[in-house]
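Engineer: With chain A's structure known, arrange chain B on it following the hints.
Protein chains: 2
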Amino acid sequence: MEQQDYINRDENGKKYCGTHVIIDIRHPQAGTLDDVDFMENVFREAVKVGGANLLHIALHKFEPTGVTGVAILSESHISVHTWPDQGFAAFDIFMCGESDPVAAAEYIKSVYQPLDSDIQVFKRGMSVLNRE
Amino acid sequence: MEQQDYINRDENGKKYCGTHVIIDIRHPQAGTLDDVDFMENVFREAVKVGGANLLHIALHKFEPTGVTGVAILSESHISVHTWPDQGFAAFDIFMCGESDPVAAAEYIKSVYQPLDSDIQVFKRGMSVLNRE
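If you're matching them up, the sequences are chains A and B in order.
Counting the first sequence from 1 gives a position; my numbering is that position plus 3.
Counting the second sequence from 1 gives a position; my numbering is that position plus 3.
Looking at chain A on its own, in the form it has when it is part of the complex (with noise of 0.2 Å):
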């Protein structure tokens, strides 16, 4: 599969490579943050929802609690790794392209219903390719 490589334009011209937003949660009202199969079923639903293209998965069942997982997308990444005792979530989500990496985050947003939550989104590389 190619990449999704086209380079993004942000509303005055300026080039960027995709949109990271990352998404930090605490106290999830709903999910769990400590099964394997379930946050394989929320990223595979999160590729959909941003509209991307999933190559890879690997997701990862630490000792005694902890999911650490990461999605392959043609159009960059997804990640998470969980601290369940803290009740405390740390997703990446980082799509370049026609893809909707927020549209992922709210998505993610809406399975866990956290009741603290803190997202920031980034245009990545937006100074330095846009500094000759």
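Simulated from the structure, these hints should not be mistaken for lab results.
Heads up, a few of these hints could be off.
The list treats identical chains as interchangeable, and a pair is accepted whether it falls inside one copy or across any two copies.
Derived DMTMM-like pairs: lysine to aspartate or glutamate, alpha-carbon spacing no greater than 25 Å straight-line [said to hold, decoys possible]:
| hint | residue 1 | residue 2 |
| --- | --- | --- |
| 1 | 18 | 43 |
| 2 | 64 | 14 |
| 3 | 17 | 103 |
| 4 | 126 | 109 |
| 5 | 112 | 101 |
| 6 | 18 | 37 |
| 7 | 64 | 40 |
| 8 | 126 | 88 |
| 9 | 64 | 88 |
| 10 | 64 | 43 |
| 11 | 64 | 103 |
| 12 | 18 | 66 |
| 13 | 18 | 48 |
| 14 | 64 | 13 |
| 15 | 17 | 48 |
| 16 | 17 | 119 |
Structural biologist: Just chain B now, with coordinates in the frame of chain A:
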């Protein structure tokens, strides 16, 4: 292998779950952004420099150009996405516990010697872990 999931604390005692270093580089003067084997070696060495433990590594070569790679660690992950025609690569190094993602980032920068780079460091979960 157990997850290195102990909570980090900053100089004020505030909790966070791992340090996430974002590295955007442009116009490398050494190395290559389009070679999976080269990138795998960079990843394996960065894991060692950071003092982390590698669980799984997956790299993918796009046609005609570009590499995506992810290393899953006991301490979280390293990822890369490259746009060789732009001379651009976006690395993420996310490590918790006693490991040193900043040292791993400095190693990566030393390999590529980019003409331009942008490095940002985040303490993940800082905002949601210290509110109660």
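Engineer: Cα distance capped at 25 Å. Does residue 17 pair with residue 119 within a copy, between copies, both, or neither?
Structural biologist: between (33 Å within a copy, 17 Å between copies)
Engineer: When no copy is named, should residue 126 and residue 88 be tagged within, between, both, or neither for a Cα gap of at most 25 Å?
Structural biologist: between (32 Å within a copy, 18 Å between copies)
Engineer: Indicate which option fits the pair residue 17, residue 48 if close means a Cα-Cα distance not exceeding 25 Å: within, between, both or neither.
Structural biologist: Classified as neither: same-chain Cα gap 31 Å, cross-chain 34 Å, threshold 25 Å.
Engineer: Can you tell me if residue 64 and residue 40 fall within 25 Å by alpha carbon in one copy, between copies, both or neither?
Structural biologist: Only inside one copy: residue 64 and residue 40 sit 10 Å apart there, 28 Å across copies, limit 25 Å.
Engineer: Is it within, between, both, or neither for residue 64 and residue 13, if the alpha carbons may be no more than 25 Å apart?
Structural biologist: Answer is neither: 38 Å inside a copy and 27 Å across each miss the 25 Å cutoff.
Engineer: Classify it for me, residue 18 with residue 48: is the Cα-Cα distance of at most 25 Å met within a copy, between copies, both or neither?
Structural biologist: neither (29 Å within a copy, 31 Å between copies)
Engineer: Is the C-alpha distance from residue 64 to residue 14 at most 25 Å within one copy, between copies, in both cases, or in neither?
Structural biologist: Cα proximity of residue 64 and residue 14: none, with 42 Å in one copy and 31 Å across.
Engineer: Quick one: residue 17 to residue 103, C-alpha cut-off 25 Å, is that within a copy, between copies, both, or neither?
Structural biologist: Result: close within a single copy only, 18 Å intra versus 33 Å inter.
Engineer: Within a copy, between copies, both or neither: which one fits residue 18 and residue 43 at a CA-CA cutoff of 25 Å?
Structural biologist: Neither, since 33 Å and 28 Å both go past 25 Å.
Engineer: Should residue 18 paired with residue 37 be assigned to within, between, both, or neither, using CA atoms and 25 Å as the limit?
Structural biologist: between (38 Å within a copy, 21 Å between copies)
Engineer: Give the relationship of residue 64 and residue 88 under a CA distance limit of 25 Å: within one copy only, between copies only, both, or neither.
Structural biologist: within (14 Å within a copy, 37 Å between copies)
Engineer: Which holds for residue 64 with residue 103 at a C-alpha limit of 25 Å: within a copy, between copies, both or neither?
Structural biologist: between (28 Å within a copy, 23 Å between copies)
In the structure shown, a violation is registered for the earlier hints numbered 1, 2, 13, 14, 15, in ascending order.
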